[in-house]
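Participant: From first to last, the protein sequence lines stand for chains A and B. Residue numbering for the first sequence follows full-length UniProt numbering, beginning at 1 and increasing consecutively. Residue numbering for the second sequence follows full-length UniProt numbering, beginning at 1 and increasing consecutively.
Some hints could be false.
If chains are identical, the list can't say which one is meant, so a pair holds when it fits in one copy or spans any two.
[Unchecked claim] Think about it this way: if two alpha-carbon atoms lie no more than 27 Å apart in a straight line, the pair counts; the simulated DSS-like pairs of lysine-lysine are:
id: 1; residue 1: 277; residue 2: 68
id: 2; residue 1: 44; residue 2: 59
id: 3; residue 1: 105; residue 2: 277
id: 4; residue 1: 44; residue 2: 105
id: 5; residue 1: 44; residue 2: 62
id: 6; residue 1: 44; residue 2: 315
id: 7; residue 1: 196; residue 2: 44
id: 8; residue 1: 68; residue 2: 315
id: 9; residue 1: 196; residue 2: 62
id: 10; residue 1: 277; residue 2: 59
id: 11; residue 1: 315; residue 2: 62
Keep in mind that the hints were calculated from the coordinates and are not lab data. Just so it is clear, the structure is predicted and the values come from calculations on it, not from any experiment.
Protein chains: 2
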Amino acid sequence: MEQTLTFEALRQRIETIFRQAGMNAVQAASLSRVIAAGERDGCKSHGIYRIEGVLRTLKAGKVEGTAKPELDSGSDGAIVRVNARGGFSNPAFELGLPVLADRAKELGLAALVINDCTHFAALWPEVEAVADHGLAAMVMCPSYATVAPAGGTRPLLGTNPFAFGWPRQEREPYVFDFATSVAARGEIELHRRAGKPLPEGWAMDASGRPTTDPEAALAGAMLPFGGHKGSAIGTMIELLAGVMIGDLTSPEVLDFLGTTTLAPFHGELILALSPEKFAAGREGDPFARAEMLFAAIQDQGARLPSQRRFAARQKALTEGIALTGAEVAQLDRLLELGLDAIA
Amino acid sequence: MEQTLTFEALRQRIETIFRQAGMNAVQAASLSRVIAAGERDGCKSHGIYRIEGVLRTLKAGKVEGTAKPELDSGSDGAIVRVNARGGFSNPAFELGLPVLADRAKELGLAALVINDCTHFAALWPEVEAVADHGLAAMVMCPSYATVAPAGGTRPLLGTNPFAFGWPRQEREPYVFDFATSVAARGEIELHRRAGKPLPEGWAMDASGRPTTDPEAALAGAMLPFGGHKGSAIGTMIELLAGVMIGDLTSPEVLDFLGTTTLAPFHGELILALSPEKFAAGREGDPFARAEMLFAAIQDQGARLPSQRRFAARQKALTEGIALTGAEVAQLDRLLELGLDAIA
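With the hints as constraints, model all of the structure from the sequences given.
Facilitator: Structure, rendered in structure tokens:
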């Protein structure tokens, strides 16, 4: 039967599922927060739908459900390092965030490197968490090889998400978070299930020819957004958030996992920048000036990114998060069966 | 009569033009280096063609030809600041570079902020100069309002270039440098001169309707690359390399200049990251691992960015830089007439 839950009630229910499935407190708490946040924001692709993927990765032995992330005490300069120790990225991020924020406020900018993590979440929760400290953020990570570089014919790059945030006073930050492929892999899967052809320009088949057939696309390669420019940004992400931080690149992730049905194992790079530090001694308040830019964008009828998500959040926070009967049944089933619910 | 010159001979000829036109040694030397480099690399849009624009901006009193850039002695933490004092960005960059490189090697990453500069150059010379120190670089700056945000109808964002570099041993770095608009403004101008329609998706007319007419496009707005994703990156650049560093955004630049025929006045943000520092303690050499990625890209027939430019460079360095008779005559004319050559 359908239910409407508060954020905290939904979060606890998710946390209990993960605890029952054998995850430790720090992993379960952190994951329940990001998954409940996805559901709250109407971001179904990163909501409770993800629980099963987490359990599948756990059952396959590709993630440490009891890992305790470790802050590198040797972290110095502007680099803060957290080793996820084979667990999920999210608790590692939460451990590193306060140190990152302090370092960025002291030095003007700083980087948080997360190594040896399994990653399945959107990047916007992290961007927003950095922005809550009054800092701008750039976040990026590899994925698994599913995207052909521009001019190429075979999967090599990941869908490599890139996210950015800018803090706004008394309201949600300016946030974008997108795949550097034309479409997310899930969107191709949705077309396949619906028996609908893909828009042109999304993918190529296994022989490197353009295709609008979702099956052929899944067996072939996706295309980067914006042609050679998006391909270059995807490559930059492999270099900075894979190679540079000493963690796996997208082709290495696919070799390691052997499948795209499990959450990928790699690293993540978070850059935090202090507008107050950067703007010090210059005319004008950076936060007030940013508002002028946002107003000018909206004045011409263009939308700021994430506004639909923020509207869903406001609604959820006042009216609760509505789950369908099928969703409630699935949560009950996952709670009862735990890892046995996974085929 | 056509001539073939060495890089240094061409550079000196350009330097002399700028000195004769009243620029001081530091401005003239720095500008001559980037302009000769553009010509050497077959990058005609940033080669000697730019000399006239420099002189025009000088004649209009919109740049200080005798400015001495100033390194902020209060620069601390991971932020290095150079005030261009109304001169060109290039000598300011050259002044800040060694400090930026030292700081990035010490802290792992650092930022160079250039304020109050006039900017006309490509970003790749700077990306390459940072890479020469064994550092990765991200460089960005606003421009003037000529690009409509996705979903908008009027110019607001600039063509906001974004460039990235990764150092490679014993060879040119991995480098990309592109406008965050679909096309550079100069390309629309070239279509106009050739009387050729624009490809679809490049621009809209003054009433916000899609157009393929170059005249209508120049009176209207250009479009960001990659739809809402490119628009978001363009906005990020306004925030980080405009608002955050306390310098003008693209709409403010256009207000200040009142024209797009002069080089824009704003700031610039350069981030430098040390792969050695980031990868420390992790398995694998980041430079060797990057080569594996580059090889995999090229193995499938895709090209790395900037390769055409590097090939032109190699040719120019062995065979010299070939100028047409018209180009030689124009250099002679600019040398003789100086600012009087400008209408």
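Participant: Which hints, by number, does the structure contradict?
Facilitator: 4, 8, 9, 10 and 11
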